[in-house]
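Trainee: The chain contents come next:
There are 2 protein chains.
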Amino acid sequence: MPIDFAATKAQFHLPEGVIYLDGNSLGPMVRGVAARVEKAVTAEWGELLIRGWNRAGWMAQPRVLGDRIGRLIGAEPGSVVLGDTLSIKVYQALASALEMNPKRRVILSDTGNFPSDLYMAEGLCRTLGGQYRLKTVAPEEAMAAIDETVAVVMLTEVDYRTGRRHNMADITRRAHEMGAITVWDLAHSAGALPVNLSGVKADFGVGCTYKYLNSGPGGPAFIYVAPRHAEAARPALSGWLGHEAPFAFDLSYRPGQGVERMRVGTPPVLQMAALEAALDVWDGVDLGEVHAQSLRLQDQFIKGVEARAPMLQLATPRSHLMRGSQVSFRHPEGYAIMQALIAEGVIGDFRAPDILRFGFTPLYIDEDDVARAVSILARIMDYGTWDRPEFKQRAAVT
Amino acid sequence: MPIDFAATKAQFHLPEGVIYLDGNSLGPMVRGVAARVEKAVTAEWGELLIRGWNRAGWMAQPRVLGDRIGRLIGAEPGSVVLGDTLSIKVYQALASALEMNPKRRVILSDTGNFPSDLYMAEGLCRTLGGQYRLKTVAPEEAMAAIDETVAVVMLTEVDYRTGRRHNMADITRRAHEMGAITVWDLAHSAGALPVNLSGVKADFGVGCTYKYLNSGPGGPAFIYVAPRHAEAARPALSGWLGHEAPFAFDLSYRPGQGVERMRVGTPPVLQMAALEAALDVWDGVDLGEVHAQSLRLQDQFIKGVEARAPMLQLATPRSHLMRGSQVSFRHPEGYAIMQALIAEGVIGDFRAPDILRFGFTPLYIDEDDVARAVSILARIMDYGTWDRPEFKQRAAVT
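Chain order of the listed sequences is A and B.
Residues in the first sequence are numbered consecutively from 384, following the numbering used here.
Residues in the second sequence are numbered consecutively from 384, following the numbering used here.
It is worth saying that the hints were derived from the structure and are not from the lab.
Hints should not be assumed to be uniformly reliable.
A pair counts as met if it fits within one copy or between any two copies, since identical chains are not told apart.
When the alpha-carbon atoms are kept at most 25 Å apart in a straight line, the in silico SDA-like pairs for lysine to any residue are as follows [to be verified]:
id	residue 1	residue 2
1	K486	D765
2	K422	Y766
3	K392	K422
4	K422	F632
5	K392	G562
6	K518	M705
7	K686	R777
8	K422	A761
9	K422	R617
10	K486	G512
11	K518	R617
12	K486	Y515
13	K518	A628
14	K486	T519
15	K584	R451
16	K518	F632
17	K422	R488
18	K518	T768
19	K392	E421
20	K486	F388
21	K422	Q394
22	K392	G728
23	K422	A443
24	K775	E627
25	K775	S581
26	K518	F630
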């Protein structure tokens, strides 16, 4: 049965007068979330107190929700667990992968990867000692750069700036042929397009939940470990909740079963509750259909902007095969243009130095929204209304 | 002006019929928290969406709340930042401390430290390579074990099982005399007793907020870096929000100013909101007075239990100087006894193998609560009502 996008849109709270094209940065609130969080605060924490860990299921949430996300990314049951932030999960995956490939010293990534992934790799290399290094190449050269020196290929499937999409299946196959292990960052994939971690034989996957999965600001990250690696992967961040028996309070660490060992500390219960309710919108939703509809909306937007605001230069590949769920345009005054757009209720975001990003998330964005966004952008460019001091003033977070 | 404990108690929501002696594990809900979290969900996330990072101050919360906690632990302004879990913060502090003491290879801790601290140290030593090691001694031997081989002294001020308190000033002084750096875990100190990080010249401090600071299940952790070390401490977990200019999206990492570099990923905004409201109860509260009152309640409890349930053996030191904010008793059937207590509304907790823990948190526990708790415990022991199958059945989280 095809998705009823009007029905999914009705499940989201969207502020009056806003066209929200920034779900690729922070997803909007699913209507059921407020009540679920209130329940976690007042009925669970307030009334159960410490007993909530068992009676309200807090302790099990990271793996229960892990399985629900696992279904959206083609992961085997029991292979995904929630917790921490994406940066921490990158560190965990990388550290385990490097240890599993002990004769090699190179982490290969690309310049389109989210900087925090690169920073975490840099920090890990420093901690491991001088012989490890991070090598970054241009995104289009990543495939060819996989050689027999590479221990780990660490890539984000969809480029956070340009929306350019890697071919996960081909790169994973190539990596394995060359004896490398893959760490896929799914920040801009999970909930945006079909991902098949088990199908492509990915080794590690990481991602965040506050973008396309709408868990709210600072929602927990997730990590996937392929079941075939689950017992070989040794956690570098060996926290008590990844211990085989956390409540035995042993003095020495023994890794827990499978992906459970990637848990570290106490899970953020209120954020988990928000995520739980946010995931309800995915029941029965097919990601292939969501992505196909996103591509239609993207095409509508590209066509409209190129016709009516031709001074903006498309930064996203035209091929559907190379696109995620966002469209980016370049303009030297991108920052001010985005501020002018936001002032008129069209919320996208800006990424230095010159990228305007627009996310197309069909669960709550439709053709009318896209048409209106195009018109407003065209008007801003026509009249040059972005050229005002208040739009050029940089905020702390851009 | 002395603290009006009846007034502070009125600020907490405590379930009907419950005497809550487990604030040392998970603090109860401050009444203002539910409204503050609801505001974060519906008014901030729901209405501001991505704009909340600036307009609702989300991005600044980790350091704004860090300063509020800093006041409670004697930290200099700008030296504390919130985020992640305590285990992650232990790893960060340890990794920086080891790098700052490059000629030494030993982390010294004690067997009364919380196991996750030991596990994280173990994982870090493994990641750093074979030459590093974690040495643990009995708590009472920690001071004497600090010698010129020790790089870092990592201790929790108050033992999570026995409540035994280290002398932070003396140990820090001794560590410095021997050329070691200190990492103090304040999990059972912050909000429980006067801590003076700057006064004792501590190097690093870490702690959690969901115990005595009442931030709710899974609330964020904090880290303190002494200002004199702030520029020397290099983060091993070098995430984008610890970068000097996160939104420049540079490809290489440059540590941020001072303690800001210990930020890693996106802060958990809903948990931060809960913490913000929970901290309001500390306005104008003197920790010395809180601890003095806790000790009076502890003495009342010890006296009552020893008189009326003499088969329980005190595990906490009698000296006020060696006590935190909890009292522990040992009994071979501790688990079942605690379950029987909880069934009667007296909530403490159990720590393997035989420890019954009771926290005395004067902001919401008074003499009447203690008297009733003693009576119920005495009755359970007199009648042996703990000796039932339902009380011996172990739950997932104990």
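Trainee: Each of the hints needs a verdict: does it hold here or not?
Mentor: Results of checking the hints against the structure:
Taking the closest pair of Cα atoms, K486 and D765 never come within 25 Å of each other, the shortest separation being 58 Å inside a single copy and 65 Å across copies. Taking the shortest alpha-carbon separations for K422 and Y766, neither the intra-copy value of 49 Å nor the inter-copy value of 38 Å comes in at or below 25 Å. In this assembly of identical chains, the alpha carbons of K392 and K422 lie at most 25 Å apart whether taken from the same copy (24 Å) or from different copies (23 Å). Taking CA atoms no more than 25 Å apart as the test, K422 paired with F632 passes in neither setting, with 31 Å inside one copy and 38 Å between copies.
In this assembly of identical chains, the alpha carbons of K392 and G562 never lie at most 25 Å apart, being 45 Å within a copy and 62 Å across copies at closest. Proximity of K518 to M705 under the C-alpha cut-off of 25 Å is restricted to the intra-copy arrangement: shortest distance 23 Å within a copy versus 52 Å between copies. With identical chains, the CA atoms of K686 and R777 are never at most 25 Å apart, being 30 Å at best within one copy and 63 Å at best between copies. Proximity of K422 to A761 under the C-alpha cut-off of 25 Å is found in neither arrangement, the shortest distances being 44 Å within a copy and 35 Å between copies.
Within a single copy, K422 and R617 get their C-alpha atoms no closer than 36 Å, and across copies no closer than 41 Å, so neither meets the 25 Å cut-off. For the identical chains of this complex, K486 and G512 are neighbours both inside a copy (14 Å) and across copies (15 Å), given an alpha-carbon limit of 25 Å. Within a single copy, K518 and R617 get their C-alpha atoms as close as 24 Å, and across copies as close as 21 Å, so both meet the 25 Å cut-off. For a Cα distance limit of 25 Å, the shortest separation of K486 from Y515 qualifies both inside one copy, at 11 Å, and across copies, at 21 Å.
Taking the shortest Cα distances, K518 and A628 sit within 25 Å of each other only across copies (22 Å), while inside one copy they are farther apart (38 Å). For a Cα distance limit of 25 Å, the shortest separation of K486 from T519 inside one copy, 20 Å, qualifies, whereas the shortest one across copies, 32 Å, does not. In this homomeric assembly, K584 and R451 come within 25 Å of each other (Cα to Cα) only inside a single copy, at 20 Å, whereas the closest approach across copies is 48 Å. Taking the shortest Cα distances, K518 and F632 sit within 25 Å of each other only across copies (17 Å), while inside one copy they are farther apart (40 Å).
For the identical chains of this complex, K422 and R488 are neighbours neither inside a copy (48 Å) nor across copies (48 Å), given an alpha-carbon limit of 25 Å. Taking the closest pair of Cα atoms, K518 and T768 never come within 25 Å of each other, the shortest separation being 42 Å inside a single copy and 65 Å across copies. Within a single copy, K392 and E421 get their C-alpha atoms as close as 23 Å, and across copies as close as 22 Å, so both meet the 25 Å cut-off. With identical chains, the CA atoms of K486 and F388 are never at most 25 Å apart, being 50 Å at best within one copy and 62 Å at best between copies.
In this assembly of identical chains, the alpha carbons of K422 and Q394 lie at most 25 Å apart whether taken from the same copy (19 Å) or from different copies (20 Å). When the C-alpha separation of K392 and G728 is checked against a cutoff of 25 Å, the pair qualifies only within one copy, where the shortest distance is 18 Å, while the shortest distance between copies is 45 Å. Proximity of K422 and A443 under a CA criterion of 25 Å is satisfied intra-copy only: 17 Å inside one chain copy versus 27 Å between copies. Within a single copy, K775 and E627 get their C-alpha atoms only as close as 53 Å, which misses the 25 Å cut-off; across copies the closest is 22 Å, which meets it.
In this homomeric assembly, K775 and S581 never come within 25 Å of each other (Cα to Cα): the closest approach is 46 Å inside a single copy and 42 Å across copies. Within a single copy, K518 and F630 get their C-alpha atoms only as close as 41 Å, which misses the 25 Å cut-off; across copies the closest is 22 Å, which meets it.
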